[in-house]
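K.L.:
Following the hints, complete the assembly by docking chain B onto the known chain A.
Listed below, chain by chain, are the residues.
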Amino acid sequence: MLTTVPTPTSVPVPSPDPSPARSADTVLEVEGLTVGWGAAAAERPAVETVSFRLAAETDTALVGPNGAGKSTLVQAVLGILPRQAGTVRVLGAPLSASGRLPAAVRAQVAYLPQQLSVSGRFPLTVAEAVGLGWEPSGLRLAWAGRRGRGAAVRVALERTGCADLAGRLISELSTGQWKRVLLAFCVVRPRRLLVLDEAQAGLDPQAADQFLRLLFDLRRSEGWAVLQISHDLEMVRRTCDRVLCLNRSLRCQGSPEIALSPAQLERLYGRGYVPYHHHHTRP
Amino acid sequence: MTGPAADWLELLRYPFMQRALLAGLLSGSLGGLLGSVAVLRQLSFFSDALGHSALLGISLGVLLGVEPTVVLIPFAALFALVVAQLVERSQLPSDALLNIVYSSSLAIAVVVLRLLSARAGSLEQLLFGDILAVSWGDLAQQALLLAAVLLYLLLTRRAQILVSLDQGLAVSQGVAVGRQRLLFVMVLAVVVALSIKAVGVLLISAFVVIPACSARLISSSFAVYVPLASGIGAGCGVLGLLASGAFSLPSGPCVVIVQLISFLLALLIRSRRQPIRAGVSAAAPAPPSPG
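Those sequence lines, one after another, are chains A and B. Residue 118 in the working numbering sits at position 112 of the first sequence, with consecutive numbering throughout. Residue 302 in the working numbering sits at position 252 of the second sequence, with consecutive numbering throughout.
Among these hints, one or two may not hold up.
As the list claims (entries may be wrong) - A few chain B residues that don't get close to chain A, going by computed Cβ distances all over 12 Å:
{"id": "1", "residue": "Leu61"}
{"id": "2", "residue": "Tyr64"}
{"id": "3", "residue": "Leu110"}
{"id": "4", "residue": "Arg164"}
{"id": "5", "residue": "Gly187"}
{"id": "6", "residue": "Leu194"}
{"id": "7", "residue": "Leu278"}
What the hints assert, rightly or not - Partner residues aside, some chain B positions facing chain A, computed with beta carbon under 8 Å:
{"id": "8", "residue": "Gly224"}
{"id": "9", "residue": "Leu233"}
{"id": "10", "residue": "Ser269"}
Read the hints as simulated data drawn from the structure, not as lab findings. Positions of the beta carbon are idealized from the N, C-alpha and C atoms, including for glycine.
Looking at chain A on its own, in the form it has when it is part of the complex (with noise of 0.2 Å):
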């Protein structure tokens, strides 16, 4: 049974500016998407006519329950599952039928995925791995840029604390590292959209909290786009300009005070949801 528990106070993170945005550059543009596979796709889409716009230097929450199509959303709009219908424009390249989008502008989109398992013993550092999103797609030696990649490698863990992982193999690694590991892959070189799906299941409270960070500076410093699946609604209220509710459709979307009110909560989960909050304690 879902219980009410008290959010305790974690280290804070900056709350949302309520001043308009920097920038309202418009980092990603979704029209009329639906997505769906199988023999039952016409009928029944997992995802259908779903519609919004991501500016830059903003936090976009997506929410709402299991099986919403949440993960299949995100994934038809990053070219990893086709659709069905609608349209995607990433600064405003259109993502192509078959999910491609021009090199310079792929470059500048990051996706942590929800979940990322290796099998068996992957012989791999977590500074190669780190490496690899800081080249650019397409054919190139493997030491090509070697010096600068190291100091971006460098850098990205030391912002996400995984500097001590460094010369880990990936497969050694615990759920909330491999997340930080992750994040230290999307932050290794300047971009404009950061896709994340649940990112921050798994991660310990301090882990969590110096995730926030990076994402608030990432947005505010560097402007750019979050775009991230999350339960976690307190967090959700505490640090997001908007929230996007779906369950197959887009059934609400605006700031958290208005898409996270009781009445939209129960619209969105069902009649009698209780929100669940996450325990944030220090050890």
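P.N.:
Chain B alone, transformed into the frame defined by chain A:
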């Protein structure tokens, strides 16, 4: 000089043995190189199935009266394409599908070869290979193939690792996953097809899988892993052939036995926690931390 050492030196004077050692070096190196990615991509069984099915390609060559290698390359490429499509579309587990395809191909091939009495006697040679019968032309072919595979892996290293890690992550980073997967299985198919003559149908997967698994056990970075897999493959190829020549034993099985010994050694090293370290560009490794 007398004894086994003299016998070996005598053996090395023969051109067929020199060619065989070079073939062992090249095919072992090639198998380890490609195998390092194949085992990360969980394609070990695919190379096994490809090798077994190649016998059908050889029997088709015999039936058509052309050089089997000429038929083998398109056959293996077609096999790779069909299996990749079947796995994607049938929604059945890939190991079950591969089993159906390779056992059926093997059965048909053996029956066809038995019916063709002229070639029936050389079935053992096809199954286990004849590295001692490798010509200078075959060696040149293998050297070119090794250079091409090396260049291919050097240029696509990032894509290969990302696809092995997670396809969604790879797509988000601009990797054309479908094209990369298909290209890799095609390259694997061509390598298997061209190595069949030396290594044989039954043992080809060992050349791809064992050196890579040995290297995977003891490598502490990707920068070490791929060259180590290739080096283990090459070393086992040469040592196995020397053992084969010295004791007058079949060459392919001798190489695989040496590969097995290398794998057991790697297991031993791993169990003693002595991984081979490589210089990485970031900070020095730290002791394991909890959480």
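K.L.:
Take the hints in turn and mark each one as holding or not.
P.N.:
Each hint tested on the structure:
| no. | hint | in the structure |
| --- | --- | --- |
| 1 | Leu61 | holds, 37 Å |
| 2 | Tyr64 | holds, 39 Å |
| 3 | Leu110 | holds, 35 Å |
| 4 | Arg164 | holds, 40 Å |
| 5 | Gly187 | holds, 30 Å |
| 6 | Leu194 | holds, 20 Å |
| 7 | Leu278 | violated, 9 Å |
| 8 | Gly224 | holds, 3 Å |
| 9 | Leu233 | violated, 12 Å |
| 10 | Ser269 | holds, 4 Å |
Violated hints for the displayed structure, listed by number in ascending order: 7 and 9.
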